[in-house]
Amino acid sequence: MTDETSAVVARGVRKTYGRTAALDGFDLTVPPGTVCGLLGPNGAGKTTAVRVLATLLRFDAGHARVAGHDVTRHPERVRAAIGLTGQYAAVDETLSGRQNLVLFGRLRHLPSRTVRRRADELLDQFGLTDAAGRSAGTYSGGMRRRLDLAASLITRPQVLFLDEPTTGLDPRSRNGLWDAVRTLVADGTTVLLTTQYLEEADQLADRVSVVDAGRVVAEGTSAELKARSGADRIELVVRHAGQLPTAAALVERITGGTVRVDREIRQLSAPVADRITALAELLRALQDAGIAVEDVVLRRPTLDEAFLHLTGDRSGRAGTEVAA
Amino acid sequence: MSTTVETRVPSGRAEQAPPSGPLTRLRWAVVDGWVMTGRNMRHVIRSPEEIVLYFSLPIMFVLVFGYVFGSGMAVPGDGSYREFLLPGVFVMTMLYGLGATASQIAVDAGRGVVDRFRSLPMARSALLTGRAGADLLRALLELSVLVVCGLLVGWRWRNGLGDAAAAVGLILLLRLALTWLGILLGLLVPNPDTVSVIVFPLAFPLTALSNVFVAPELLPEWLGAIAAWNPLSATVAAARDLFGNPGLGGGSWAAEHALLLAVGWPVLLIAVIAPLAVRRYQRLSR
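Protein chains in written order, with this note's numbering: chain S, 1 to 324; chain U, 1 to 286.
It is possible that part of the hints are untrue.
Between beta-carbon pairs, the in silico distance windows are [unchecked claim]:
(1) S/Asp130 / U/Glu50: 23 to 29 Å
(2) U/Val30 / S/Asp130: 33 to 39 Å
(3) S/Asp170 / U/Arg111: 22 to 28 Å
Here are some, though not all, of the chain S residues that point toward chain U, as calculated from beta-carbon distances under 8 Å [to be verified]:
(4) Ala54
(5) Leu56
(6) Leu84
(7) Gly86
(8) Tyr88
(9) Phe104
(10) Leu107
(11) Ala151
Bear in mind the hints are in silico, worked out from the structure with no lab data behind them. Glycine included, every Cβ here is placed at the ideal spot set by N, Cα and C.
Could you build all of it, start to finish, from the sequences and the hints given here?
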């Protein structure tokens, strides 16, 4: 994949505010027709990256291309090829839903008949036909977000930027939005999605870039990132809390890893390398020791764990870690 | 939310971006500015209480100043104070419109929708020119109401329709300059509440130190000189001249060349302020 054929390319992009670098050597390559998830803690630089790529923000160093156009030299060509749906619904709150779509369509220089037809199609597609004549200011959060996405789709964007598109949405609206994004991608649109929801990246993104302190610190499919963040884990729940210490000692001897104990739910968990052998051995040992087990699972690490592993665990969640 | 595959969706292409020739660029800037003017006018239509506000202020000006103050005011030469006053009220209404311009730009600039405008392949100037366009239309409406009020309280234009239209044109030209001042203010103080607080102390002395209420020659000499050179005074004096209303005179150069200044001041203000405002807008949120 060369820089010329990629839908989004950033090379060494740097953006500073005073002395703080919001982007500090940001690199990204998104192949056309794919969904790239930008995942990172608050303040990692995800939104700054989107604003730079969407021509809203000038940057200090590096270069960026979107849909084949240089972001600095031909911003208006980039703007014609992109759609942007931000964290805060960027619609005119006084105008009605339909007036919003017509306005944004006309500012894209489409013939007015095309604009009106397209507005009606989008209102229908996003379930806003009944509310089409009402001020967008009276819409619920979910409706506003749908209108905002519709406003980005008046022309089919080559590249669509979604900046935390489902923050604050109920599950039904969120699923609807995900479906709409999948349909777009099936039609060939490239999507760059920032999200704090690991599930969202897992669901939608072909590849995930983990952003921390203004640069991409890890990149891969969500399966690759999970694999990189460490071994599978074995989790078991014992029936009697009193047997937890004995069970923990057994688990530690067999897996050789640090055992995590959660007394509340009587759960033990530990990383495990040779999955099935260790599982069989452990169950035998527990049975011999007379420890009743209620539940056992072997599972791959969640994207959540991968994320914390890759960005450094700053949330203090390790509090439940107890050496057995 | 259905997921029907749409086959006739226009695709985003570079051709929808403004082409690079200066003339075509200008054409797109005008088209986009006009679309944004339409957007701002729709705002007015959707909040009718604002229309009432538009018209109540000018009507109040005519009644309060014409009848309450008018009884005790003198006019140089011979003439009715109300006829002297009306061109001044026209111009003062234009000045106070600056507050609405500034706060509406501040509201726009503070909202997420400005991000959408900035991410569209539209002319960068359109948000500002659209504001100016809508405010000129609003000024035209206000002037119509004022003219009707004026006719009701005995004001007349006496030099024919052509001169009257020229006077209205000069007043609108001043309004355009004040609009750009309002736009710049709204961008510099991007908080709608602060803006309206700032505008009054700015506008009030400007009207007091002008020929709106009192002829400059009736003021102490140094005050009269300030009043005579005030951009508002130039437009008011030129309008009084063109309408054939009383209150002309004073021997100062500024008073003698009111027509020249009524064109020169606004043009100068626009030439200085409009580029500053566009620059400021382009630097928003960087």
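Hints, one by one, checked against the model:
For the pair S/Asp130 and U/Glu50, the supplied restraint of 23 to 29 Å holds, since their beta-carbon distance comes to about 27 Å. At roughly 36 Å, the beta-carbon separation of U/Val30 and S/Asp130 lies within the given 33 to 39 Å, and the hint holds. Taken as a hint, the range 22 to 28 Å holds for the pair S/Asp170 and U/Arg111, whose Cβ atoms sit roughly 24 Å apart. Given the 8 Å rule on beta carbons, the hint for S/Ala54 holds: about 5 Å separates it from the nearest Cβ of chain U.
The beta carbon of S/Leu56 is positioned within 8 Å of a beta carbon in chain U (closest approach about 5 Å), and the interface hint is therefore held. Satisfaction of the interface hint for S/Leu84 is found here, the shortest Cβ-Cβ separation to chain U being roughly 4 Å, below the 8 Å cut-off. Interface restraint check: S/Gly86 against chain U, minimum CB-CB distance 6 Å, threshold 8 Å, status holds. Taking 8 Å as the C-beta cut-off, the interface hint given for S/Tyr88 holds, the closest approach to chain U being about 4 Å.
For S/Phe104, the shortest C-beta to C-beta distance to chain U is roughly 7 Å, which falls under 8 Å, so the interface hint holds. Interface hint status for S/Leu107: upheld, as the beta-carbon distance to the closest one in chain U is roughly 4 Å, under 8 Å. The criterion of a C-beta within 8 Å of any C-beta in chain U is met by S/Ala151, whose closest approach is roughly 7 Å, and the hint holds.
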